[in-house]
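K.L.:
As a plain string of letters, each chain reads:
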Amino acid sequence: MANGTPPAPGLTFPPETFAKLTPRPFLQAHLQHKDSIRPNGRRPEEVRKPTVNTGSLSYSNGSAVVRVGDTAVVCGVRAEILLASDIPHPPNGDADAEHLLEDLGLLVPNVELSTGCSPTHLPGNPPGILAQALSYRILSLLHVSDLVNLQDLQIEYTVPQTDDDLPDAGPKTVVKAYWTLYIDILCIAMDGNPFDAAWTAVIAALRDTSLPRAWWDPDREIILCSPLEAEASRLRLRNLPMASTFAVYSTSSPLKQRAHAESWVLADPDGFEEDVCHESVTVVLSHHMDGKKSGILRVEKHGGGIVDNVALLRCVQATRNRAGEWCAVLGIT
Amino acid sequence: QADRRRLNAPPGGTAPPAFATPKTVKLERPKRTRKPDEHRKIYLRTGIVPSASGSAYYEIPPQSDQKQSGLSLPQTSSLKITCTVHGPRPLPRNAAFSPNLLLTTHVKFAPFATRHRRGYVRDASERDLAVHLETALRGVIIGERWPKSGVEVVITVLEGEEDGWWGDAGGGGGGGGWGLMGVLAGCITVASAALVDAGIDCVDLVSGGVAVVVGDGGGSGGKPKGGEGALVLDPSPAEHAEMRAACVVAYLHSRDEITELWMRGDAGAESERLIDEAVKAASLARTVLVEAVKEAVE
Chain A
95 MANGTPPAPG
105 LTFPPETFAK
115 LTPRPFLQAH
125 LQHKDSIRPN
135 GRRPEEVRKP
145 TVNTGSLSYS
155 NGSAVVRVGD
165 TAVVCGVRAE
175 ILLASDIPHP
185 PNGDADAEHL
195 LEDLGLLVPN
205 VELSTGCSPT
215 HLPGNPPGIL
225 AQALSYRILS
235 LLHVSDLVNL
245 QDLQIEYTVP
255 QTDDDLPDAG
265 PKTVVKAYWT
275 LYIDILCIAM
285 DGNPFDAAWT
295 AVIAALRDTS
305 LPRAWWDPDR
315 EIILCSPLEA
325 EASRLRLRNL
335 PMASTFAVYS
345 TSSPLKQRAH
355 AESWVLADPD
365 GFEEDVCHES
375 VTVVLSHHMD
385 GKKSGILRVE
395 KHGGGIVDNV
405 ALLRCVQATR
415 NRAGEWCAVL
425 GIT
Chain B
71 QADRRRLNAP
81 PGGTAPPAFA
91 TPKTVKLERP
101 KRTRKPDEHR
111 KIYLRTGIVP
121 SASGSAYYEI
131 PPQSDQKQSG
141 LSLPQTSSLK
151 ITCTVHGPRP
161 LPRNAAFSPN
171 LLLTTHVKFA
181 PFATRHRRGY
191 VRDASERDLA
201 VHLETALRGV
211 IIGERWPKSG
221 VEVVITVLEG
231 EEDGWWGDAG
241 GGGGGGGWGL
251 MGVLAGCITV
261 ASAALVDAGI
271 DCVDLVSGGV
281 AVVVGDGGGS
291 GGKPKGGEGA
301 LVLDPSPAEH
311 AEMRAACVVA
321 YLHSRDEITE
331 LWMRGDAGAE
341 SERLIDEAVK
351 AASLARTVLV
361 EAVKEAVE
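In the order they appear, the protein sequences are chains A and B. The first sequence begins at 95 in our numbering and counts up one residue at a time. The second sequence begins at 71 in our numbering and counts up one residue at a time.
The hints are simulated quantities; they were obtained by calculation from the structure and are not laboratory data. Idealized CB from N, CA, C, for every residue including glycine. Heads up, some of the hints might be wrong.
[What the hints assert, rightly or not] Reference listing, derived: stretches of chain A covered by chain B, where coverage requires no fewer than 3 residues with Cβ under 8 Å from a Cβ of chain B:
| # | region |
| --- | --- |
| 1 | 195-203 |
| 2 | 209-221 |
| 3 | 318-324 |
Please construct the entire structure, taking both the sequences and the accompanying hints into account.
P.N.:
As C-alpha cells, then:
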C-alpha cells in the first residue's frame with residue numbers, strides 16, 4: 095500500500111480474523127511487543143481469578159461449580175456403599191493403610207468433556223485422549239497427595255461381647271463397609287486449562303462433602319444411614335494441594351539455531367494459546383492442614399525441551415506466590 | 071466400550087445408601103403452596119458458553135429451604151439445564167446433500183442429576199427425550215435458509231426433577247417417569263433461548279409447558295368434583311400422591327401452533343383441558359423467555 099493514500103476497502107481485517115488466519119504470528123507479535131502482552135489482555139505471568147460456588151446440587155453429597163475466565167466446570171461428589179463382604183480380594187489385616195485406599199478403589203473421579211463445551215467436544219463419542227488423561231491425572235494426584243483419610247470412609251461395627259470372649263478383651267471393631275466417592279466432573283464451557291479448573295472443583299467439592307451417619311444393622315444384615323443433617327459428618331481433608339498450569343510458546347524450530355529462539359512461559363493458558371503452544375508445565379504444591387511443611391508435590395512437564403531448571407523454578411515460585419489468593423477463593427483459612 | 075475408557079466403580083460393586091428415619095422424626099410430603107395455574111419461578115440466562123454459537127442456562131430453584139427440614143435429603147425438586155448450540159456448520163464431505171438444515175439433538179443427564187446415580191452412557195430415556203426435543207424444534211427452525219449444513223443442540227441436565235416423593239414406597243422412582251416430562255418442558259424452553267442466541271432463523275419462539283391430572287385435589291384451592299381429577303400446571307411430582315396423566319406441549323404463541331405434544335397416562339375426558347393447561351404453562355414460560363432474550367440483546 096502506498097503512503098498517503100487511504101487503505102483500500104477490504105484489505106484490513108479486525109484482530110479476530112488475523113487470530114483465526116495466522117494464530118502463531120498473531121501471538122508472537124503480541125509477545126514480542128516491548129511490554130509483552132497476550133491477546134486476552136493479560137501479562138504472561140497473570141492468571142485468571144477463579145470463582146467457586148459450593149453446595150448448589152441437591153442430590154450430591156458435595157458439589158462445586160468453578161468458573162475460571164470462560165472455562166466452567168461442575169463437580170459432584172456422590173457417596174455409595176461398598177460392603178466389605180463384596181470385595182473379591184479382601185486385604186489382609188496388616189495391609190498398608192496408605193495403599194488400601196488405592197487398592198480398594200474408593201475414589202472414582204471422571205472428567206467428562208463431551209458435553210458440547212466447545213465445538214471440538216461434541217457428545218456422541220466415547221472419552222478421547224484429553225478426557226482420559228485428565229481423569230487419570232486427577233486420580234493419581236488424589237492418591238499421591240494423601241488427601242482423604244481412609245478412616246472417614248470406613249463404616250465400622252463393634253461386635254457385641256458374647257460369653258465365649260475373655261472378660262478382659264476390649265470390644266472388637268470390624269470394618270463392615272466402605273464409602274465410595276464418585277467424583278464426577280463435567281466441563282460446561284471450555285476455554286483452555288481444564289486441569290486447573292477441574293482440580294479446584296474437586297478440592298472445593300470434597301471440602302463441601304458430608305457423609306451421613308451409617309451403621310451396620312446385624313438383624314437385616316445391611317448398612318443403614320440416617321437422613322438427619324445434624325448427624326452427617328464432613329470429610330477431614332489432610333492436604334489441599336494447589337495446581338497451576340503454564341504453557342510455553344517458543345519460536346524455535348528445527349530449521350533455526352537454538353540460540354536464536356525466543357520463548358515465553360504463559361501462566362493459565364486460554365483456549366487460543368493452548369492450541370498454539372506445544373509444551374506445558376503443571377506444578378502442584380501441597381498445603382497440609384495438619385501442620386506438616388508444605389512443598390512441591392508434583393511437577394509435570396511435557397511437549398518439548400524449552401523449559402529448563404531455571405524456568406521451572408520460576409514457575410514453582412509463581413505458584414507459591416499465588417497460594418494466598420487461591421486459599422482465599424476456596425475459603426481456606 | 072465406555073468401561074474401558076473411564077474409571078470404574080471398585081470391584082464388588084457399590085449400592086446407594088438406604089435411609090432409616092428414626093421414629094421421632096415425622097416425614098411429611100411437601101405440599102404445593104402455589105395455585106393450580108401458577109408456574110414456579112424460572113431463571114433463564116443466555117450466553118454462558120462463549121465458544122459455542124449459542125448457549126443458555128435454565129433453572130427452577132428449589133421451592134423450600136433445605137435447612138428447615140433438618141434432613142440431608144432434598145425435599146423438593148429443582149431443575150438445572152444447560153444448552154449449547156453449535157452451528158450452522160458445514161456437513162462432512164461424505165454426507166448426502168440436504169436442502170434443509172440438519173438438526174441433531176443430544177440430551178444427557180449428569181451422573182449426579184437424579185436420586186439414583188446415572189451412568190455416562192446414554193440410555194433409552196435420554197434418547198427418547200432427544201427425539202421429542204427434535205420434533206419440537208424442527209417445527210420452528212426455518213431450515214431452507216441453510217442447505218448442506220447441520221446444527222447440533224446439546225443439552226446437559228445438571229439436576230433433574232424427581233419422579234415422586236422419596237418417602238413413598240418404592241422411593242418415588244417407580245412412578246412412571248413423570249419427572250421426565252417436566253425436564254422436557256424445560257429443555258424446549260432452554261433450547262429455544264440458545265437457538266436465538268446462536269442467531270438461527272426461527273418462525274417464532276417456542277416454549278415448553280407441562281400439566282398433569284392429579285388424583286388428590288391438586289394442592290390449595292383444587293377440589294376434585296365427583297370422579298374428575300384436578301388439573302395442575304407445572305407440577306413438582308413429589309407434591310402429588312397420585313398423578314393420573316401428564317402432558318407436555320411445545321407451543322408457538324404468536325402463531326397459536328403446537329409443534330410437539332407428548333401425553334402420558336389416561337386422561338379420559340379431560341384430555342382437551344389437559345392440553346389447554348399445558349399450553350397455558352407454555353405461555354407463562356414464554357414471558358420469561360422473551361425477557362431473557364431481550365436482556366441478551368441489550
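K.L.:
Hint by hint, say whether it matches the structure.
P.N.:
Consistency of the hints with the structure:
Proximity of the region 195-203 of chain A to chain B, defined as three or more residues with a beta carbon under 8 Å from a beta carbon of that chain, is established by the 5 residues found. Here's how the region 209-221 of chain A fares: 10 of its residues keep a CB closer than 8 Å to some CB of chain B, so the rule of at least three is met and the hint holds. As drawn, the region 318-324 of chain A meets chain B at 7 residues by the rule of a beta-carbon pair under 8 Å; at three or more, the given contact holds.
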